[in-house]
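Undergrad: Protein chains in written order, with this note's numbering: chain Y, 50 to 232; chain U, 88 to 163.
Selected chain Y positions facing chain U (Cβ under 7 Å, derived; list incomplete):
#1 Y77
#2 H171
#3 L174
Looking from chain Y toward chain U, a few residues come up when the C-beta cut is under 7 Å (computed):
#4 P70
#5 L73
#6 A81
#7 Y89
#8 A95
#9 E99
#10 G103
#11 V221
Since the hints were derived computationally from the structure, they do not count as laboratory data. Virtual Cβ for every residue (Gly too), placed ideally from N, Cα, C.
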Amino acid sequence: MRVVRTGEDAPLLRRVQDYDPVALAHIYDCYAGRIYSYIYFHLSDAGLAEELTGTVFVKMLEAIRADKAWTRSFSGWLYRIAHNLVVDHVRRDRQRERYGLDERLAAEGADPAGIVARRLEHERLRRALAQLTQEQAQVIVAKFAEGLSNAEIAQRMGKTEGAIKSLQFRAVASLRRILEAEE
Amino acid sequence: MWRPEEAEDALDQCLARLQRGEPAEACLVAYPHLAAELAPLLAVARRLLLAAACPHDPAPALARIRARFLQRIGED
Chain Y
50 MRVVRTGEDA PLLRRVQDYD PVALAHIYDC YAGRIYSYIY FHLSDAGLAE
100 ELTGTVFVKM LEAIRADKAW TRSFSGWLYR IAHNLVVDHV RRDRQRERYG
150 LDERLAAEGA DPAGIVARRL EHERLRRALA QLTQEQAQVI VAKFAEGLSN
200 AEIAQRMGKT EGAIKSLQFR AVASLRRILE AEE
Chain U
88 MWRPEEAEDA LDQCLARLQR GEPAEACLVA YPHLAAELAP LLAVARRLLL
138 AAACPHDPAP ALARIRARFL QRIGED
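Next comes chain Y alone, as it looks inside the complex (with noise of 0.2 Å):
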């Protein structure tokens, strides 16, 4: 998978934006794993994170069909689709109390309690992350959900390597904190 760069990705964007077949599988391809691994960091439910995938690639479809795609980073939007997607699916979540052995919970694996810890913890990780400063929060999202590298991170987020490194030694450091106070 490799990161698609507004400014050196032109002409691909382009065909994306002409609705191309080729060039819309190709984007597919360059994010859809990423998008899935930073869904399911956010949720830790396999299910949703292929439904909630499938819903970013349509919204695309639908963003690109109305003419209102994005206008300066295709990355930036697209991750902004997935992150509205959580933060909606997170809220409904809060609505119907679901950290119980539900259905889906059920027929997702023979260890229940397994999956209920797993689901307590990608809670307690997410409330942590809520606390963090906005670039703090995308450093560790960036690193630890979608596994880029520091030169990949820097280039999305207009910084040196150095910068990043030194966000991400404040991020994991404030992380602690927040998660020591906490428990």
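Assemble chain U onto chain Y, guided by the hints.
TA: Same frame as chain Y, now just chain U:
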């Protein structure tokens, strides 16, 4: 006393090794003077890595989504 840049570089190196599956203790051997500072940070990093690791292979799911995606393009 250590410099902030030194600790930032050391954490970055340790994270790369953790991501390759090495235990935190092995990563810290290279930085004995920073071990007390880095150990709790690596514990947090390990929790993040565990949370990010899918317990299953996502490839079949990605293939299913791709098929539906291409079908949708064909229908438009």
